[in-house]
Amino acid sequence: MKAAILQFPGTNCEYDTQYALNKLGAQTTIVWHKDTNLPKDTDFIVLAGGFSYGDYLRCGAIAKFSPIMNSVIDFARSGGHVLGICNGFQILTEVGLLPGALKRNDKLHFISRHHKLKVISNNNSFLNKFQTNETVNIPMAHHDGSYYIDEVSLKELYDHDQVLLKYVDQNNHNTSPNGSTDSIAGICNKNKNVYGLMPHPERAMEKLLGSDDGVKMLEGFFST
Amino acid sequence: MTAIVNIFLKQGVLDAQGKAVFHALKSLHFDTIQDVKIGKRIIVDLDTQDYNQAKEDVTKMCEELLANTVIEDYAIENIK
Numbered sequence: 001m002k003a004a005i006l007q008f009p010g011t012n013c014e015y016d017t018q019y020a021l022n023k024l025g026a027q028t029t030i031v032w033h034k035d036t037n038l039p040k041d042t043d044f045i046v047l048a049g050g051f052s053y054g055d056y057l058r059c060g061a062i063a064k065f066s067p068i069m070n071s072v073i074d075f076a077r078s079g080g081h082v083l084g085i086c087n088g089f090q091i092l093t094e095v096g097l098l099p100g101a102l103k104r105n106d107k108l109h110f111i112s113r114h115h116k117l118k119v120i121s122n123n124n125s126f127l128n129k130f131q132t133n134e135t136v137n138i139p140m141a142h143h144d145g146s147y148y149i150d151e152v153s154l155k156e157l158y159d160h161d162q163v164l165l166k167y168v169d170q171n172n173h174n175t176s177p178n179g180s181t182d183s184i185a186g187i188c189n190k191n192k193n194v195y196g197l198m199p200h201p202e203r204a205m206e207k208l209l210g211s212d213d214g215v216k217m218l219e220g221f222f223s224t
Numbered sequence: 001m002t003a004i005v006n007i008f009l010k011q012g013v014l015d016a017q018g019k020a021v022f023h024a025l026k027s028l029h030f031d032t033i034q035d036v037k038i039g040k041r042i043i044v045d046l047d048t049q050d051y052n053q054a055k056e057d058v059t060k061m062c063e064e065l066l067a068n069t070v071i072e073d074y075a076i077e078n079i080k
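Line by line, the protein sequences are chains E and W.
For the first sequence, the positions run 1 to 224 when our numbering is used.
For the second sequence, the positions run 1 to 80 when our numbering is used.
These are calculated hints, taken from the structure and not from any lab test.
Mixed in with the good hints, there may be bad ones.
As the list claims (entries may be wrong) - With a cut-off of at most 27 Å between alpha-carbon atoms, the simulated DSSO-like pairs for lysine-lysine come out as follows:
#1 E:K107 <-> E:K129
#2 E:K107 <-> W:K37
#3 E:K155 <-> E:K192
#4 W:K10 <-> E:K190
#5 W:K60 <-> W:K26
#6 W:K19 <-> E:K107
#7 W:K80 <-> E:K107
#8 W:K55 <-> W:K37
#9 W:K60 <-> E:K107
As the list claims (entries may be wrong) - Under 8 Å between C-beta atoms, here's a sample of chain E residues computed to sit facing chain W:
#10 G54
#11 R58
#12 D106
#13 L108
Stated by the list, open to error - Now the stretches of chain W that chain E is said to cover, found in silico as 3 or more residues with beta-carbon under 8 Å:
#14 10-20
#15 66-78
A virtual CB, placed ideally from N, CA and C, is assigned to each residue, including glycine.
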């Protein structure tokens, strides 16, 4: 597995992501946003978390015009696996590879804590090691993670099995800490090769640090 | 020429900041207040004297970058 981890000015989770993927046995390269080509034989791209371009204008809005993004779009359109975590998810919606948009959290707080997530669909590379309704404990850390999608597009998401993860409370009931539509924490595209989620699986790789549930999530990409 | 672009969240998309300011104004006893919307105002200077050209360019800027039309509406005003 050769993974490319994108680095924009303001990205700050690229080394955590590299640690996580290396731990799972991937060969990783951090790719600067001004590069125009991905490393040869890349088979997985991660857009890591952070604050690309200082979140100026809107989160992810300016990163979508970085030179590397043309290669990312081509890679995604030819079926390659792309994962956007947090700011990476925001960039993927801005660029149009994923539907909907991320906006300011409802209560205006920056939320930084572990949160329980429920697996809604396992019919995809990312979550194929899980049963549906299984839960994971994954950290979230964002100010602009309220997922918005209009009703018609929301129905399409469900029709095509694209809703992957939801925020749930301790009793496994849906909850929306940031105001996300239908408690949605993560989605994929129709072709199931582009994935985005606000919480950080790469920060849940070691029991010692609170959770290693991220291992089973990211491992999904290694088995396909 | 200069163009002013106003960007607001679409009707039906929760404006959390507007809502917070609304409640703050209420608590200050501005009893006439009905709603508050918070948006962005972007002033763009252009090196052209052609109104149509300016309008066309700024519209394109809004569609491609300045607004996210999934959640935001934009209005271009005052091109001069």
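Consistency of the hints with the structure:
1. E:K107 <-> E:K129: Judged against 27 Å, a Cα distance of about 34 Å means the pair is violated.
2. E:K107 <-> W:K37: Satisfied, since the Cα-Cα distance of roughly 16 Å is no more than 27 Å.
3. E:K155 <-> E:K192: The given pair, whose Cα atoms are some 16 Å apart, holds under the 27 Å limit.
4. W:K10 <-> E:K190: holds (25 Å)
5. W:K60 <-> W:K26: violated (39 Å)
6. W:K19 <-> E:K107: Roughly 10 Å separates the two Cα atoms, so the pair holds.
7. W:K80 <-> E:K107: violated (39 Å)
8. W:K55 <-> W:K37: Holds, at about 25 Å.
9. W:K60 <-> E:K107: Status violated; Cα separation ~33 Å.
10. G54: violated (15 Å)
11. R58: With a closest approach of 6 Å, the R58 of chain E hint holds.
12. D106: OK, holds: D106 of chain E within 8 Å of chain W, min 5 Å.
13. L108: With a closest approach of 6 Å, the L108 of chain E hint holds.
14. 10-20: As far as the stretch 10-20 of chain W goes, the hint holds, because 5 residues have Cβ atoms under 8 Å from chain E.
15. 66-78: holds (count 4)
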